[in-house]
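**Student:** Chains A and B are the protein sequences, given in the same order. 262 is the number that my numbering gives to position 262 of the first sequence; each next residue is one higher, with no gaps. 458 is the number that my numbering gives to position 82 of the second sequence; each next residue is one higher, with no gaps.
Hints were generated in silico from the structure; no laboratory data involved. One thing to keep in mind: the hints can contain errors.
[As the list claims (entries may be wrong)] BS3-like mimics (lysine-lysine), calculated; alpha carbons at most 27 Å apart, straight line:
#	chain 1	residue 1	chain 2	residue 2
1	B	K479	A	K57
2	B	K463	A	K102
3	B	K463	A	K60
Bear in mind the structure is a predicted one, so any value in this text is a computation, not a measurement.
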Amino acid sequence: MAAIRASTGVHVRRTRRQAAVALLGALGLLGQLHAKDFVVVGSYGNSLHIIDPDALKVVKSIAIATPGNAPLAIVPSSDGRVVYAVTNAWSTIVGINVDTGKEEFRADLGEGSIRARAYAGLDLSPDGKELYVAQMRWQEHSDRYEVLSPGIAVYSTDGGRSATPTRILPAPRRVMGLAVSADGRTVYANSYDLHVIDSATGTVRDIRPIVNWKSSQYGPPDQFNLWGFLNVGQVFVHPLFTVPAGQEGPVHLGLLSVDLRSGEVATDVLEPLSTPAVFVAAVNPARRNEVFAVGHYLYKIDRTAKKVLLRVPAGQIFYAINVSTDGTKVFTGGGICNVGIFAAEDLTRLGVVQLPHCTDQGFGTLRVINRPDWPR
Amino acid sequence: MKHLQPLNRAAERLEAKSDDGAQVEAMMPFPIGCTTALDPGVEVDAAGGVSTLCVPWEADLYGCAEPCYWPAQIPDVNTHPDWTDGKRSGISDWRELEQIYPKE
C-alpha cells in the first residue's frame with residue numbers, strides 16, 4: 001500500500017509539475033525561471049564572447065563583422081539582448097544582437113571632413129533609448145588637421161545601421177569615463193575633474209574637483225584614467241592614487257565614487273597602497289557600499305567605512321571587473337584570455353574561463369547581462 | 377617633470393614655450409599625447425625591478441598596443457592596424473609579431 005501510495009504520490013507530483021510548466025509556458029513566463037547572469041567580454045579577432053559563470057564555459061562567440069582589433073568599451077542593453085561596442089580603430093559604434101550575432105545598430109563617428117574617435121566613454125540612458133559617446137574630434141583640411149573641441153555625441157538606439165547624433169554635448173578634453181544618472185537627466189564625464197552635465201542641453205551644472213581637489217593632507221590624485229566607468233548598481237567608482245602633501249610617498253589608494261541616484265560624489269583616501277596598483281573598480285549592486293577593485297590583486301572595499309576589507313592575489317593581472325547581479329560573484333577580465341570568477345564574500349577563486357584560442361581581451365571592459373533565456 | 381631633460385627635437389619643441397602664445401592641443405586621452413607617455417613598466421617597473429610588471433607580461437602586449445601606451449616599445453594599433461592580424465593571442469603568438477620600421 002505504501003509503495004502504491006508512494007508511486008501514486010510521485011505520479012501526482014510529476015503531473016502537477018507538468019501542468020505548472022504548461023501553464024507558465026502559456027503565460028510566457030517559463031523563461032523567467034531560467035533568468036541568470038552571463039558575462040560579456042570582447043577579444044582580438046574583434047569578437048564578443050558570452051560566458052556562463054556557473055558552467056564555467058563560453059556559450060557563444062560572435063565575430064563582429066565591422067573590422068577592428070578588439071572591442072574597447074562595451075555596454076549592454078538592460079534586457080541583455082544588444083551589446084554596444086567601440087570598434088574599427090575607435091571610429092565606429094556597433095550594436096550587436098547577441099541572439100542573432102547581427103549588427104543592428106551602427107554609428108560611424110564624424111561627418112564629412114570632421115573626424116571623431118571614441119575610446120572608453122560609453123553609456124546608455126536608463127531607458128535604453130539613447131547612447132552617449134565621448135568623442136575626440138578634428139577636422140581634415142586639404143593642408144592640415146584642425147583640432148576641434150571634444151564632444152559627447154548622443155544617438156538614438158533605434159537609429160539603425162546609419163545612426164547619426166541627435167545632438168552633441170560640449171565636453172571637456174580627456175574624457176575617459178562617462179555615466180548617465182539614474183533619472184537620465186545628468187551625464188557625468190570624468191576628465192581631470194568630474195563634469196556634471198545636463199543630458200538634454202549640455203549645460204555644465206557643476207565641476208567636482210579631482211585633480212584639482214583642495215586637500216591639506218594629500219597631493220593632487222592620479223586616477224590612472226585609462227578605463228571607462230562602470231555603471232553597476234547605479235554607482236560608479238574608480239581608483240585614485242595620491243601621496244601625503246609635500247611628499248613623494250608612500251602612495252595611498254583612494255576611491256572616487258558617484259551615486260547615480262542621489263548625485264553624491266565622494267573622493268576618499270583609504271590606506272597606503274601595499275600592492276601593485278589596482279586599475280578598475282565596480283560596486284556590488286546587491287550591497288552598494290561594497291566595492292571590488294583589481295589589478296595584480298583583488299580588493300574588497302567598504303566605501304562607507306572607507307576601509308579595505310580584503311586583498312588577495314588575483315593570479316594574474318586583470319584590467320576589467322564587474323559583479324553578478326545578486327552580488328555573490330566577482331568577475332575579472334581584460335589583458336590576456338582569462339576571465340576569473342571569485343566569491344564576493346571571501347574572494348575565493350571559483351574558477352577561470354579561457355576564451356577560445358586564448359585570444360587577448362586587451363583593454364576591453366567586462367559586462368554582466370541577466371537574461372531569461374540562453375543565448376542562441 | 378623637473379627632472380626630465382629633452383633628448384630630441386620633439387621633446388625640445390614640447391618643452392619650449394610658444395612665442396606667440398599658441399597652445400598645444402592634445403588629441404590623445406593621455407595628458408600630452410602618445411609620444412610622451414614616459415611611465416616605466418615595460419622592461420622594468422618604476423622601482424627598477426620586475427615585481428610590479430604585468431603578469432604575465434604578455435597581458436600588456438596587446439593591452440598597451442591599443443591605447444598607445446608604450447609607443448617606443450609596442451606599435452599602437454591605430455597607426456599600425458595590421459600588426460596583430462592573425463595573431464590574436466599574445467601568449468601564443470608573440471614570437472610571430474614583427475618589428476616596425478620607419479618607412480623610407
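**Student:** Decide, hint by hint, whether the structure agrees.
**Tutor:** For each hint, the structure was consulted:
Our distance criterion of 27 Å between C-alpha atoms is broken by K479 of chain B and K57 of chain A, whose separation comes to about 44 Å. The suggested pairing of K463 of chain B with K102 of chain A holds, with an alpha-carbon distance near 24 Å, which does not exceed 27 Å. Simply put, K463 of chain B and K60 of chain A have alpha-carbon atoms about 21 Å apart, close enough for the 27 Å limit, and the pair holds.
This entry does not satisfy hint 1, going by the numbered hints stated previously; all others are met.
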